[in-house]
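Student: For the record, the sequence lines run as chains V and Z. One point on numbering: in the numbering used here, the residue at position 69 of the first sequence is 1084, and numbering is uninterrupted. One point on numbering: in the numbering used here, the residue at position 6 of the second sequence is 404, and numbering is uninterrupted.
I should point out that these hints are in silico values taken from the structure, not numbers from a laboratory. A quick note: this is a predicted structure, and the numbers were derived from the prediction, not measured. From the three backbone atoms N, C-alpha and C, an ideal C-beta is built for every residue, glycine too. Wrong hints could be hidden among the right ones.
As the list claims (entries may be wrong) - The following label-pair restraints were derived from C-beta to C-beta distances:
id: 1; chain 1: V; residue 1: 1078; chain 2: Z; residue 2: 491; range: 49 to 57 Å
id: 2; chain 1: Z; residue 1: 424; chain 2: V; residue 2: 1051; range: 43 to 51 Å
id: 3; chain 1: Z; residue 1: 478; chain 2: V; residue 2: 1052; range: 15 to 23 Å
id: 4; chain 1: Z; residue 1: 462; chain 2: V; residue 2: 1057; range: 44 to 52 Å
id: 5; chain 1: Z; residue 1: 438; chain 2: V; residue 2: 1203; range: 22 to 30 Å
id: 6; chain 1: Z; residue 1: 439; chain 2: V; residue 2: 1167; range: 19 to 27 Å
id: 7; chain 1: V; residue 1: 1068; chain 2: Z; residue 2: 455; range: 48 to 56 Å
id: 8; chain 1: Z; residue 1: 427; chain 2: V; residue 2: 1110; range: 38 to 46 Å
id: 9; chain 1: V; residue 1: 1173; chain 2: Z; residue 2: 475; range: 18 to 26 Å
id: 10; chain 1: Z; residue 1: 478; chain 2: V; residue 2: 1135; range: 31 to 39 Å
id: 11; chain 1: Z; residue 1: 439; chain 2: V; residue 2: 1203; range: 26 to 34 Å
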Amino acid sequence: MKPPRLAHLACLSIVFIASLLLAACHHDEPPPWQLADISGHMPDLSFQLTDDQGKAVSGADYRGKVTVLYFGYTHCPDVCPLTLAHLHVVMQRLGKLSDGVRILFVSVDPTRDTPAVLHDYVSAFDSHAVGLTGSPADIEALSKRYRAAFTREPGKTDGSYDVSHSSGIYIFDGNGKVRLLATPADSQDKLVHDLHLLLSPGDAT
Amino acid sequence: MTPRALGFLLATSLLPTAGLHAAQADHVTASHAWIRLLPGDLPAGGYVTLQNNGATAATLVAAQSAAYASVMIHQSLQETDGTSRMAMIGRLMIPAHGDMSLVPASYHLMLQQASHPLKVGDSVDITLDFADGSRLPVHFLVRPANAVDTN
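Isolated chain V, as found in the complex (with noise of 0.2 Å):
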């Protein structure tokens, strides 16, 4: 009787050691991203705006950086102070490698949102930050672009007036290319990681 129970217990270990490496296998694969893939899911990094600085500023001027691109407003207390507080402490936690990302914030209050106002509230949160506003077509052009829509709410009686507007955070690597989306309720540590990826030298793209 002893043979067949040892060629069993052979047997037995085999199919263990097979679900094993199987098991490692697919552990060594991990999907890259931690956030939504949209590569080819939406054109390239294009608009014509002005930059917090006064400065007529296009797409194209940002290739070589990897560009965070997020639609809000200054006069939003809540959810865009709190989309741009949490991308700088992703920005404190890439350390070096921050220099390659610029964060976009594109005004969809340009009535409010002057140059000027942009530059001292971008600055307040990261100096990764770059503030662009423009004309209502061409800031409706870029929003259309990525179907990030947003609707000035009716006024108050003290005059002021809240936006409402879409809170993704859209990713481009480089070339401009659209990468990756975030919302606000992405943590902090899959935009460090995902933007470690895209920015690390011996990245795919």
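Using the hints provided, position chain Z relative to the given structure of chain V.
Tutor: Relative to chain V, chain Z alone:
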């Protein structure tokens, strides 16, 4: 009767009314109160965690501060299409033996038109008004624009 004596009489006659009911504000404690300071006179967000130790719910109905011309209770809403917008809130309930957090991207105080320029590290007094007329004064710490939530 002197105006002073009249004032005393009025004050004492009001006291029993206040004493009859356990005021909502008496059961509420505030913690993690802070303001995200933005440049210029941009509206700022105020955040606080309110703990209700009472056996009945407390309802926050308004807030005011000498430091701001306008203080409103707001809620940031995330629509299913990914759009973010703000709504004004008339009443915010803190359940009995429960808490309610005013935190970024949720309920918050919208603070507008500062009466004088504020700086990081300042303490701002904001009074919270409850449905029964009781009030809770809270010190809010002014933090920089790029501060992330404290806990």
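Student: May I ask you to test the hint 26 to 34 Å on the CB atoms belonging to residue 439 of chain Z and residue 1203 of chain V?
Tutor: Taking Cβ atoms as reference, residue 439 of chain Z and residue 1203 of chain V lie about 30 Å apart, which means the hint holds.
Student: For the hint 38 to 46 Å, verify it against the beta carbon of residue 427 of chain Z and that of residue 1110 of chain V.
Tutor: 40 Å Cβ-Cβ, so the 38 to 46 Å window holds.
Student: Do the Cβ positions of residue 438 of chain Z and residue 1203 of chain V conform to the proposed distance bound of 22 to 30 Å?
Tutor: With Cβ atoms ~27 Å apart, the hint holds.
Student: Could one say that the CB atoms of residue 478 of chain Z and residue 1052 of chain V fall in the range 15 to 23 Å?
Tutor: For residue 1052 of chain V against residue 478 of chain Z, whose Cβ atoms are near 22 Å apart, the range 15 to 23 Å holds.
Student: Honestly, do residue 1068 of chain V and residue 455 of chain Z meet the 48 to 56 Å range at C-beta?
Tutor: 52 Å, holds
Student: Please check whether residue 424 of chain Z and residue 1051 of chain V have a Cβ separation lying inside 43 to 51 Å.
Tutor: 48 Å, holds
Student: Given the range 44 to 52 Å, decide if the beta-carbon distance of residue 462 of chain Z to residue 1057 of chain V lies inside it.
Tutor: This hint holds: roughly 46 Å between Cβ atoms.
Student: In this structure, is the beta-carbon distance linking residue 439 of chain Z and residue 1167 of chain V contained in 19 to 27 Å?
Tutor: Roughly 20 Å apart at Cβ, these two residues keep to the hinted range, so it holds.
Student: At the C-beta level, are residue 478 of chain Z and residue 1135 of chain V separated by a distance inside 31 to 39 Å?
Tutor: Between residue 478 of chain Z and residue 1135 of chain V, where Cβ atoms are some 34 Å apart, the hint holds.
Student: Taking the beta carbons of residue 1173 of chain V and residue 475 of chain Z, is their distance inside 18 to 26 Å?
Tutor: Because 22 Å falls inside the window, the suggested range holds.
Student: Do the beta carbons of residue 1078 of chain V and residue 491 of chain Z sit within 49 to 57 Å of each other?
Tutor: 52 Å, holds
Checked against the numbered hints given earlier, this structure breaks none of them.
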